[in-house]
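Trainee: So the sequence lines, in the order shown, correspond to chains S and B.
All residue numbers for the first sequence refer to our numbering, where the first residue is -18 and numbers rise by one.
All residue numbers for the second sequence refer to our numbering, where the first residue is 310 and numbers rise by one.
Read the hints as simulated data drawn from the structure, not as lab findings.
Take the hints with a grain of salt, since some may be wrong.
[Stated by the list, open to error] One side only, chain B facing chain S, incomplete, derived with CB under 7 Å: (1) H315; (2) W317; (3) L340; (4) Q341; (5) I380; (6) M415; (7) R438.
[Stated by the list, open to error] Where chain S lies over chain B, by a calculated footprint (3+ residues, C-beta under 8 Å): (8) 350 to 357; (9) 455 to 468.
[As the list claims (entries may be wrong)] Chain B is faced by these chain S residues, among others (derived, beta-carbon under 10 Å): (10) A26; (11) L93; (12) F94.
Ideal Cβ placement from N, Cα and C applies to all residues, glycine included.
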Amino acid sequence: MTLHMILQTLQNNPLAAAIRGESDPIQLTTWIFPIIETLHVLSIAVVFGSIFLVDVRLLGLSERDSTVSQVSREILPYTWTAFGCAVLTGSLLFMSKADQYFYNLQFELKFLFMFLAGVNMLIFHRGVYRHVLDWDGATRPPLGARVAGGLSIALWIAVIFMGRWIGFTTNA
Amino acid sequence: MEPTLHHWANHVAATSLSMWLVGREWMIVILQSIHIVMLSVVFGCAVVLNLRVLGISARGRPISALVRSLIPWMYGALVVLLITGALQTIAEPLREFVAPAFWAKMTMVLIVFLLTAAFDRAVRRNQDRWDNASSRPRAAALFAVVSLVLWTAIIFCGRFIAYTWNFYA
Chain S
-18 MTLHMILQTL
-8 QNNPLAAAIR
2 GESDPIQLTT
12 WIFPIIETLH
22 VLSIAVVFGS
32 IFLVDVRLLG
42 LSERDSTVSQ
52 VSREILPYTW
62 TAFGCAVLTG
72 SLLFMSKADQ
82 YFYNLQFELK
92 FLFMFLAGVN
102 MLIFHRGVYR
112 HVLDWDGATR
122 PPLGARVAGG
132 LSIALWIAVI
142 FMGRWIGFTT
152 NA
Chain B
310 MEPTLHHWAN
320 HVAATSLSMW
330 LVGREWMIVI
340 LQSIHIVMLS
350 VVFGCAVVLN
360 LRVLGISARG
370 RPISALVRSL
380 IPWMYGALVV
390 LLITGALQTI
400 AEPLREFVAP
410 AFWAKMTMVL
420 IVFLLTAAFD
430 RAVRRNQDRW
440 DNASSRPRAA
450 ALFAVVSLVL
460 WTAIIFCGRF
470 IAYTWNFYA
């Protein structure tokens, strides 16, 4: 057995392949990306699922027996906690293929929609929410609040669509 | 692996709906995205509800009020999940049928659905008992933990179908 063959054998063993990140279902490193990705999905699920509940209250579609500020106080801590987890897991995913994602159209659009969702939230808080006590219990909140709720749902759906679409555009 | 699974998969793949879907990647992107939006509604509601049952989130409405407002959203989203999931299965039947993660996921969906329906009924029938932490059945905490674990595992399995199926195909 020559040195070359020994080296080849060593290099071809499943562990070495796994460290290179080549597809071998049993090895750990193959699973790191999917595991972080699933944690990212779980995080954005709580982000969207929770903000959705606040938004439908703003739209007057649900939770009408509670005030808007009650629902916000109860639900938004989940949104922010999950958003922190989404940022953390998202950063790890980004690092793995930074050069690809950075110039990826869907990735850029995802951040545009997230930015717009943030602007929408800011306008809502600086605007109609300042006088929330005037309409807190209204089953049908004022137009500004309903628009903010509707826009929030639409923009977060767009974020999820772009996020999923990214997976179809980069080499897995 | 199992010849019968391949057999069923071939039957589904031969349908005109499957053949229509399979060449259109954008349809798969849309179906998967709607699926994620809806699982977010289900999982978000499950987290809010179950952490409330566990007393981790103390502030907020009584459990019966949460059940009344959240569980209908979960049922509605579940219907859309079944439709978008079925369409994805019809589009790529082999991918789903051969993956153990798919069958594990379906089994857990059935279990967590039955658990949620039972919880829903129990709370609606005896609201005062459930709203008061001291009189709440001890099984409540168990239900909350089990359903959170199941929903998490379901999402894991769902994502892992994509990464594992071709090892069994």
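Trainee: A separate judgement is required for each hint: does it hold in the structure or not?
Mentor: Cross-check of the supplied hints:
1. H315: violated (19 Å)
2. W317: Violated, about 23 Å.
3. L340: Constraint on L340 of chain B not satisfied, violated at 10 Å.
4. Q341: This hint holds: Q341 of chain B lies near chain S, its Cβ roughly 5 Å from the closest one there, short of 7 Å.
5. I380: Since chain S brings no Cβ nearer than about 12 Å to I380 of chain B, farther than 7 Å, the hint is violated.
6. M415: violated (18 Å)
7. R438: violated (20 Å)
8. 350 to 357: holds (count 7)
9. 455 to 468: holds (count 4)
10. A26: holds (4 Å)
11. L93: Constraint on L93 of chain S not satisfied, violated at 17 Å.
12. F94: violated (13 Å)
Violated hints, listed in ascending order, are 1, 2, 3, 5, 6, 7, 11 and 12; each of the other numbered hints is respected by the structure.
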